[in-house]
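So the sequence lines, in the order shown, correspond to chains A and B. The numbering used here numbers the first residue of the first sequence as 1 and each following residue consecutively. The numbering used here numbers the first residue of the second sequence as 331 and each following residue consecutively.
To be clear, the hints were calculated from the coordinates, so they are not data collected in a lab. Glycine included, each C-beta is placed from N, C-alpha and C at the ideal position. Hints may be right or wrong, so weigh each one.
[Said to hold, decoys possible] Each pair of labels, with its calculated beta carbon distance range:
id : chain 1 : residue 1 : chain 2 : residue 2 : range
1  : A       : Ser30     : B       : Asn507    : 33 to 43 Å
2  : B       : Pro572    : A       : Asp272    : 17 to 27 Å
3  : B       : Gly535    : A       : Gly172    : 16 to 26 Å
4  : B       : Arg613    : A       : Arg299    : 17 to 27 Å
5  : B       : Glu619    : A       : Ser30     : 33 to 43 Å
6  : A       : Gly39     : B       : Lys503    : 53 to 63 Å
7  : A       : Arg299    : B       : Val652    : 50 to 60 Å
8  : A       : Gly172    : B       : Pro506    : 27 to 37 Å
9  : A       : Asp265    : B       : Arg500    : 45 to 55 Å
Chain by chain, the residues:
Number of protein chains: 2
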Amino acid sequence: MPEMDAIQAAKVLIEADLRGIDSHGVARLSGYIRLKEAGRANMNAAAKIIHETPSTATLDADQGLGLVVAPKAMDIAIEKAKQVGTGWVAIQNSNHFGIAAYHAMMALPHNMIGISMTNASPLVAPTHSKERMLGTNPICVAIPAGKHLPFVLDMATSAAANGKLEIAQRMGKSLPNDWVQTKDGGASNDANELKNGGSLLPLGGHKGYGLAAMVDILSGVLSGANFGPWVPPFVAFLNPLPNLPGKGIGHFLGAMRVDAFRSADEFTEQMDVWISRFKEASRVQAEQEVFIPGELEFRLKEERLNSGIPLHPSVWDDLQQVAVKFGLNL
Amino acid sequence: MPEMDAIQAAKVLIEADLRGIDSHGVARLSGYIRLKEAGRANMNAAAKIIHETPSTATLDADQGLGLVVAPKAMDIAIEKAKQVGTGWVAIQNSNHFGIAAYHAMMALPHNMIGISMTNASPLVAPTHSKERMLGTNPICVAIPAGKHLPFVLDMATSAAANGKLEIAQRMGKSLPNDWVQTKDGGASNDANELKNGGSLLPLGGHKGYGLAAMVDILSGVLSGANFGPWVPPFVAFLNPLPNLPGKGIGHFLGAMRVDAFRSADEFTEQMDVWISRFKEASRVQAEQEVFIPGELEFRLKEERLNSGIPLHPSVWDDLQQVAVKFGLNL
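Isolated chain A (complex conformation) (with noise of 0.2 Å):
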């Protein structure tokens, strides 16, 4: 791919192992490299505007990277946004995105809010029903702060992502409730409940089902891209399914500048007062503090920029595999 592109795609990924989201790192390289081996990534992908107005645009991703193309409709969306007070950007054809706050964190230097969300694999079933009809669709708002480091959410809309789940597996525990259930729809604690055709359950119920519904369709109806469980899966072993009514999978991205709506010096100075005031926020046990989304992963960013990215041995391998078929040396 071309050269650019690669640097680009490699960001998103180590900016998710530096932020402790092992699961969207360098750990997915192979993977990209498999849906590439299969015909359904496009390296050279040239990514084109198909609609457009003042404030929004419809991307083509040509079946390019989501790393990729996500970052270049976030330059767009950022544009507009200086242009018009805000930028919409829906994506179709398109693959993985990786962690959704890279792309929504890309507005913060601007003074802007970034908002990023995607549709994906499906493996979430609706309330009420035992098919995997959803992805775990994520939503990303960042914030700019004053002093303080920005507010950036970035959540799953299911009750766990499935790299808790690997986590639960490794580690022969069993699962809170309300993660999984049974191919037929019932309770169970069981961390390899999918490998028995379960599913994954929606963040708190029939709400958690509206928000990843929300996002598949801002992500896959908008855009023109598939939606519901006709979303590509991301491991290329499982095929796509015949007839899509769209093209990849489908990712919604925002940007809205700040001073669209007060001075931005005055929003920074309250965002610091918001982040204050929550710190403040009386605790249930004085030795657990109260953290803002996304504190964690700063923090965990600070420490790994220090002194390195601990990689599970599976993940070393696995790279080490794809250096030797690409005659490197890792």
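Add chain B to chain A, keeping to what the hints say.
Coordinates of chain B only, in the frame set by chain A:
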């Protein structure tokens, strides 16, 4: 108040009752009157735009009712969306705006996606805190379909809204886990826990806290309204805190033209596919259907338009007292 504004406020309250959100309907009428009597709501408010770009505006609601100013703000958002694709309005210096769905659904006849959210009286504790720092801060997203009814997600970001606790109180029932905590942050199933100084819990733990915080920041900090624990209480017998950082309560509304992203016909056709497919999702129990967000409320509205709105005896008494006070025959 001006007759047009009174009619608008009544429409929002009655729509709540029609949709089955009885806690936000005419049951609240006397509460709004008490706010006026306490000098906290201005019935002759003249909302005005205090900041503007082609796709955004900030409104000062002049201490009026959210019931009146939010529809006016939504008209502005819709007008901006007609011009530049999307429109976004932040509102400061307002009061309770009723059900979020009324405002977001105003976008639907224009083939636009409507978004509405508001902050509210602090009742919800952040994760690891025992302090009431956030409101039930609802989010509504209304999305048009073709032959099907629209998708209308309207949800509090707390595990349960206050109205559900009141129902449990009346019926003498205990609450599910994770709805409330004691004043010390301990587990509780007591529907009266708020009276004991307890707090509501966010939807599904820290993610619900993050969503409620996002709503608070977009509605409160971005608009110049109050936020967090400073949001003035709806009940007139509680005074706002001293040294408020902003004005009144805040809302955040948006409208996105569907055809700012793809042809409206294509979109509504695909929304029909989305809805049909989700209605057909395989069921856990054959007799329990899968619902589309908003579907139950549309059904209830149809039923209540035919058979009338049942009012709790205490609500009827309350309305009669209002009628006597204003010399009306009820």
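Evaluated hints:
Against the hinted window of 33 to 43 Å, the Cβ-Cβ separation of Ser30 (chain A) and Asn507 (chain B) comes to about 41 Å, which satisfies the hint. Under the hint 17 to 27 Å, the C-beta atoms of Pro572 (chain B) and Asp272 (chain A), about 20 Å apart, fit the expected range. Separated by about 24 Å at the C-beta atoms, Gly535 (chain B) and Gly172 (chain A) satisfy the suggested range of 16 to 26 Å. Range check, Arg613 (chain B) to Arg299 (chain A): Cβ separation about 44 Å, and the 17 to 27 Å hint is violated.
With their beta carbons about 42 Å apart, Glu619 (chain B) and Ser30 (chain A) fall inside the hinted range of 33 to 43 Å. Judged by the Cβ atoms, the range 53 to 63 Å given for Gly39 (chain A) and Lys503 (chain B) holds: they are separated by roughly 57 Å. Look at Arg299 (chain A) against Val652 (chain B): about 54 Å separates their beta carbons, and that is inside 50 to 60 Å. In this structure the hint that Gly172 (chain A) and Pro506 (chain B) lie 27 to 37 Å apart at CB holds, the actual value being about 29 Å.
For the pair Asp265 (chain A) and Arg500 (chain B), the beta carbons lie near 49 Å from each other, so the given range of 45 to 55 Å is met.
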